[in-house]
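Based on these hints, arrange chain B on the given structure of chain A.
Heads up: the protein sequence lines correspond to chains A and B, in order. Using my numbering, the first residue of the first sequence is number 1, and each one after it goes up by one. Using my numbering, the first residue of the second sequence is number 1, and each one after it goes up by one.
Hints listed in this document are in silico derivations from the structure and should not be mistaken for laboratory results. Mixed in with the good hints there might be a few duds.
[Unchecked claim] On the chain B side, residues computed to face chain A include the following (Cβ under 8 Å):
no.	residue
1	Leu34
2	Phe46
3	Ser93
4	Leu101
5	Gln105
6	Gly106
[As the list claims (entries may be wrong)] With a straight-line cut-off of 30 Å between C-alpha atoms, the simulated DSBU-like cross-links for lysine-lysine are:
no.	chain 1	residue 1	chain 2	residue 2
7	B	Lys5	B	Lys54
8	A	Lys24	B	Lys37
9	B	Lys5	B	Lys37
10	A	Lys68	B	Lys37
11	B	Lys68	B	Lys5
12	B	Lys56	B	Lys37
13	A	Lys78	A	Lys68
14	A	Lys78	B	Lys37
15	B	Lys71	B	Lys5
Positions of the beta carbon are idealized from the N, C-alpha and C atoms, including for glycine.
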Amino acid sequence: DAGVIQSPRHEVTEMGQEVTLRCKPISGHNSLFWYRQTMMRGLELLIYFNNNVPIDDSGMPEDRFSAKMPNASFSTLKIQPSEPRDSAVYFCASSSYGAGDTQYFGPGTRLTVL
Amino acid sequence: DQQVKQNSPSLSVQEGRISILNCDYTNSMFDYFLWYKKYPAEGPTFLISISSIKDKNEDGRFTVFLNKSAKHLSLHIVPSQPGDSAVYFCAASDGTSYGKLTFGQGTILTVHP
Numbered sequence: 001d002a003g004v005i006q007s008p009r010h011e012v013t014e015m016g017q018e019v020t021l022r023c024k025p026i027s028g029h030n031s032l033f034w035y036r037q038t039m040m041r042g043l044e045l046l047i048y049f050n051n052n053v054p055i056d057d058s059g060m061p062e063d064r065f066s067a068k069m070p071n072a073s074f075s076t077l078k079i080q081p082s083e084p085r086d087s088a089v090y091f092c093a094s095s096s097y098g099a100g101d102t103q104y105f106g107p108g109t110r111l112t113v114l
Numbered sequence: 001d002q003q004v005k006q007n008s009p010s011l012s013v014q015e016g017r018i019s020i021l022n023c024d025y026t027n028s029m030f031d032y033f034l035w036y037k038k039y040p041a042e043g044p045t046f047l048i049s050i051s052s053i054k055d056k057n058e059d060g061r062f063t064v065f066l067n068k069s070a071k072h073l074s075l076h077i078v079p080s081q082p083g084d085s086a087v088y089f090c091a092a093s094d095g096t097s098y099g100k101l102t103f104g105q106g107t108i109l110t111v112h113p
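Chain A on its own, in the form it takes in the complex (with noise of 0.2 Å):
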C-alpha cells in the first residue's frame, strides 16, 4: 500500500519566491496534519484538517502560510512571500480519525529558502 506521498522532496528557493508543497494522505485517511521540522523548535504543528476541512490553523506562524485541502485526496501548504527563516523540513501526516489516532507520515519536503 502506497504511504503518504509528499512532493518535491527538495526545495530551493530565493527569498520572495512563492512555494507550494503537496500531500497525498493515505486513502481512506480522514485527518491530515502539516508540521515543521527545525532544530530549534522540533516538530511544530502548523495546522490539520479532517474531512477536508482546516480545524485548527493555530500553528501556522504568519499570514505568509496557507494550506488548502480540496479533496481528500490532495492537499497544499502554500508560503508567500517565502524567507531564510522558513528553511526547514515540513512534513505531512494522515490518519484515520475514529479508528485510532495513530498518525503516519510522509518523507517530507526540505526546503531551503536562500
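Same frame as chain A, now just chain B:
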C-alpha cells in the same frame, strides 16, 4: 506550555544492552500514547502505542510502560541494536481534536557496536 516532555536530548547505549527512553506529560486528559522513530532524511515512523487502560504493551524488542499516576511513560528496547540508532519521539492524544497528537522534543538514541 510543553505538555509532553522528553528531558533527555540524547542517550548512548552499547549494543545488546537495554535502552530506556523516558517521556513525561502534564495533561491528564491524554489517553493514548505513541512512540515514533525517525531516521535522518525520513519521516517519523510509528513504533508502538499504549492506551491509558493498560500499563504495558510489548511488541518484539520494544515495550512501552505507562504510569498514569506519575504521568510518565517509557520505551524499553531490549536488546539494543545499532540499527535502532535514531531520534525517538513520544506523542500523546486526548481522543478528541480529530486525531491531533502532541509531540515531545525527541531523544537521539545512539547504539554503539
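Verification of the hints:
Among the interface hints, the one on Leu34(B) holds; its C-beta lies about 6 Å from the nearest C-beta in chain A, closer than the 8 Å criterion. The interface hint given for Phe46(B) is met, as the beta carbon of that residue sits about 5 Å from the closest beta carbon of chain A, less than 8 Å. The restraint placing Ser93(B) at the interface with chain A holds, with a minimum CB-CB distance near 4 Å, inside the 8 Å limit. Contact between Leu101(B) and chain A, as hinted, is supported at the beta carbon level, the nearest pair being about 6 Å apart and thus within 8 Å.
A hinted interface residue such as Gln105(B) counts as satisfied when its beta carbon comes closer than 8 Å to some beta carbon of chain A; here the least separation is about 4 Å, so the hint holds. Because the beta carbon of Gly106(B) sits about 6 Å from the nearest beta carbon in chain A, less than 8 Å, this interface hint is met. Between Lys5(B) and Lys54(B) the alpha-carbon distance is near 21 Å, which keeps this suggested pair within the 30 Å criterion. Restraint check: the Cα-Cα separation between Lys24(A) and Lys37(B) comes to about 22 Å, which is no more than 30 Å; the hinted pair holds.
A C-alpha spacing of about 16 Å is found between Lys5(B) and Lys37(B), which places the hinted pair at or below 30 Å, so the restraint holds. At most 30 Å may separate the alpha-carbon atoms for a hinted pair to count; Lys68(A) and Lys37(B) meet this at roughly 28 Å. Between Lys68(B) and Lys5(B) the CA atoms are separated by roughly 15 Å; this keeps the pair inside 30 Å, and the hint holds. With a C-alpha separation of about 19 Å, the suggested pairing of Lys56(B) with Lys37(B) holds against the 30 Å cut-off.
Under the criterion of a C-alpha separation no larger than 30 Å, the hint pairing Lys78(A) with Lys68(A) is consistent with the structure, at around 8 Å. A threshold of 30 Å between alpha carbons decides the hint, and for Lys78(A) with Lys37(B) the separation of about 27 Å falls inside it, so the pair holds. This hinted pair checks out: Lys71(B) and Lys5(B) have alpha carbons roughly 11 Å apart, not beyond 30 Å.
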